[in-house]
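Quick note, the sequences are listed as chains A and B, same order.
Going left to right, the first sequence walks through residues 1 to 211 as this note's numbering numbers them.
Going left to right, the second sequence walks through residues 1001 to 1768 as this note's numbering numbers them.
I should point out that these hints are in silico values taken from the structure, not numbers from a laboratory.
Treat the hints loosely; a few may be bogus.
[To be verified] Simulated crosslink set (PhoX-like; lysine-lysine; CA at most 25 Å straight-line):
#1 204(A) - 1641(B)
#2 183(A) - 1639(B)
#3 1641(B) - 183(A)
#4 204(A) - 1705(B)
#5 1314(B) - 1088(B)
#6 1075(B) - 204(A)
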Amino acid sequence: MASKDEKPDKPERFSVSRRDFLKSAGVTGIAAGVVGGAAELDAQTGAAARVLGPGDVPVQLTVNGRRIDLRIEPRVTLLDAMRQRADLTGNKRVCDRGTCGACTMIVDGRSVYSCSTLAIEVQGKQVRTVEGLVSANGTMHPVQQAFCDQDAMMCGFCTPGFVMATVALLEKNRNPTEAQVRKGLDGNICRCGTFVRVLEAAMKSRGVARA
Amino acid sequence: MPNFDQQPPAGGGAPTPQGRGGAPGGAPPAGGRGAAPAGGAAPQGRGAAPPAPPSALALKYPWPAKPVLLGTRVKRIDGPDKVTGRAKYTHDINRPGMLYGRIIRSPLPHARIVSIDLSAALKAPGVKAAYNVKEPGAQVMYQGDTVAAVAADTEERTKDAARLVKVEYEALPHFANEEQAMDPDAPVVFMGGNTRPGTAQDVGDIEAGFKQSAHIIEATYYTHVITHVCLESHSIVAEWEGDKLTAWCSTQGVFPSQQGLAMGLGIPAANVRVITQYMGGGFGSKLQAGAEAVIGAKLSQMAKLPVKLTLDRKEEHLDTGNRPSAGAKVKAGVTADGTLTSYQADSWGTGGAGQGVGNLPIPYIYTFPNRKRTHKDVYINSGTQRPMRAPGHPQACFLTEVLMDELADRVKMDPVEFRIKNAPVQVPSAMYRTYLPEGAKLFGWDKRHATGDPTPGPIKTGFGVSVHTWGGGGSGTQAHCDIMADGTVVMKCGTQDIGTGTRTIVALVTAETLGLPITAVRAEIGDTNYPRSGGSGGSTTAPSAMPAIRLTAAKALEALFVKVAPTLGVSADTLVATNGRIHVKDDPTKGVTWKDACKTLGADTISVDHMWEAGLSSVNSSGAQFTEVAVDIETGIVKVKRILAIQDCGLVVDRLTCESQIYGGVISSMNFALYEDRILDRVTGQMVNPNMEMYLLAGMSDIPKIDIILKDMPERGVVGVGEPPTVSLSAAIANAVRNATGAAIRSLPLHPHKILAAIEQQKAGGTL
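Taking the hints into account, I'd like the entire structure generated from these sequences.
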């Protein structure tokens, strides 16, 4: 998985980044590494390696607590699966190679670049998109509210990614220092230049963000 | 599809000659619409044209002296939609049965197309349409030039099919930079020559001026090419119903895009509806319908299904515009007492394949009584330029402001004092006499050391300053206001919100005028079904739209007063609307609530059209920016420590979004100075960094403390602030780096290797 964290909590032995995948494409048995939960294979033992695709395969995802069943090619990214097949268009595609953070989603509590994460590899994991932050009664997440209050947006295209990155950061560290907030949001790029107010919004959200 | 010429436009019928864009009827805006007159003519003349006198209606409905909402901090009304992901950008529009389009582009910077074979692509799974954008025999003029297009049912299959399009090219000679194109032995690549002379200028007696001079500097200054890097790439979702097209476009101008699509498709403009509810950044590159818009619409027409075409990041860098380079070989003189004398410059720049650089207003702002200029547009084989935030000004500002610090050093004057001495006396440039001392005091300018930080150790700090100006101004925009019997208010205007907060200020001014809370007003924008407005560029949106909104709302209110007055037994002209009530001016108790007032409409709706009139907006603004930087002279890395921006804002409409624009402009200027750079391989002519990891942009850790001082001048009416704050920081940073290191800094970007080279050159005896 294309994690944005410098040091993952634990090694993700069944995960392969898109780039690693492309690098090793063509090597027999690589498919076993990307199957994850769906085909219930054991990549460690290498038993019963089975190639999925090309062509559509069933992929079952849990997104914002809801189950989503898709038939997609194994090469479809998590971002494209959400945007093009599930009409969850809140997270944006900008650089499409894990640089700008507009696609930031939270998978099992960790922020990821969903443009560089395959949909098929997050089966069995809890995926959260920006749409999932609003509570059932329609109340915005405190981080979303803070972004509105501080005008931490202009065109708004990077905003969902910044919101998700801020939420992920605060869920790990409820009271980060300003330096930690800056570091935590360094994986996101804004072209309009809203950084000053994004920082204000993130700092204002400290301690109040719900887990 | 940039379509602007060397010369700034005459303003498309705008009432002043400054070329202010936002022309009536939504004529396509063009490049170079700053305040400076055409072709580098004397900048002193800017602002000299008398403003159009206020109209009778503007005099009747001036901006309120004691506003409730105007000038306060009003939260963006579409903020919740943006932070929750509900806001639907063009990229987010998904239509039933929609296909995905893709453009096949030239990998070569210059070639003749020998053949295009679509047959394999047409047989590929899911493909519904493909066609040649250019025919064999035609030339491609830059890497990324359009060749063919394909549409299929999934994006993955579209990419597969695009790879199956076979194109044979015959490579032709190309230029990857200005030096190659200007080489007298270079082959002729562009019809009519590889360079084209621009406007020359000869004012005063240049030689006499140099004779008076105690010091003369001769040096070459240069700014590089950058791209717009809109986060939402240029895109369209096209859907046909019979011969009528609905196009969701990521555009800064729904009406210019309507015209562009109609022209590109050969259909009446009336058959095209363009919708832009949200758009993810344009910065000047989305003022017209680009090639991708027409191609997406054609694919949809062929396939008889909706088509979404979104450019990828590489295409976005290659073929959606850029800020042209600007270089100048300069000779400039100053007398012993610090008075500027003569300025001679041979300038050049490239706007890519067959495009000029547009307006380059050098010398910027300051008064050189004797001036002589030549200019050369240089054509290279790269994507073509489009206006980018204050076209011509960041370049001209750098070329001039860096020289100003060097001249100030020669006469041993403080840079602030030197600038004040040589600033023109006319408004708006006269404002520098106020802004510079005020800023210097706030910034602690007295702590600035002379050129070259004497502190031991590798980290040197320095201060820099620079000033800027911009024209902007309003005209032409129309609006429509409905007041309904249930109290609903809808304000419709075919302008668009490019991130500046236009939707919010449309609602704000309507609410202010009607005495209502902003939540009581629905602002409907971004659709060619609404009254005409121009493109959002050149800081013209607010000054064009706000007067239209103010007057339209006022006329609608007048109509409501006529309905309400008889029920109160008073005449309509005694009524006012405040605080959600309509009442007699001096007797708030004698009145009714807004809702009750609207009930008098019965089955009617008040429906009023009106448009921009002179008197509620202004042309021209100015500002000054200060910065402190730290330079590591061992690594060449520059870190901006703090920034102070002073900006004339005229009448501030929404203080919150106004400040956001200024922060954004400042950061954009920092990116120009320190990070971004479009790099073309000098041999292959291909872009080396068409992505977002090697094309550098500031991140959160790069952002310094930024202080903003808004100079409220409500008596001037509304001015735009999109362009001005983005002009001068890059020059101020360069001056601060020079102040820190003592090394001559004469070209952008200030990448570490260039800083180190400048320091080495300084050690070796300097360049002065």
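Going through the hints against the structure:
1. Note on residue 204(A) and residue 1641(B): the hinted pairing holds, with a Cα-Cα distance of about 23 Å set against a maximum of 25 Å.
2. With a C-alpha separation of about 16 Å, the suggested pair residue 183(A) and residue 1639(B) falls inside the 25 Å cut-off, and the hint holds.
3. Pair hint residue 1641(B) plus residue 183(A) holds up; C-alpha atoms about 17 Å apart against a cutoff of 25 Å.
4. A hinted pair counts as satisfied when its Cα atoms are at most 25 Å apart, and residue 204(A) with residue 1705(B) qualifies at roughly 17 Å.
5. At most 25 Å may separate the alpha-carbon atoms for a hinted pair to count; residue 1314(B) and residue 1088(B) meet this at roughly 23 Å.
6. Between the alpha carbons of residue 1075(B) and residue 204(A) the distance comes to roughly 16 Å, so the proposed pair stays at or under 25 Å and holds.
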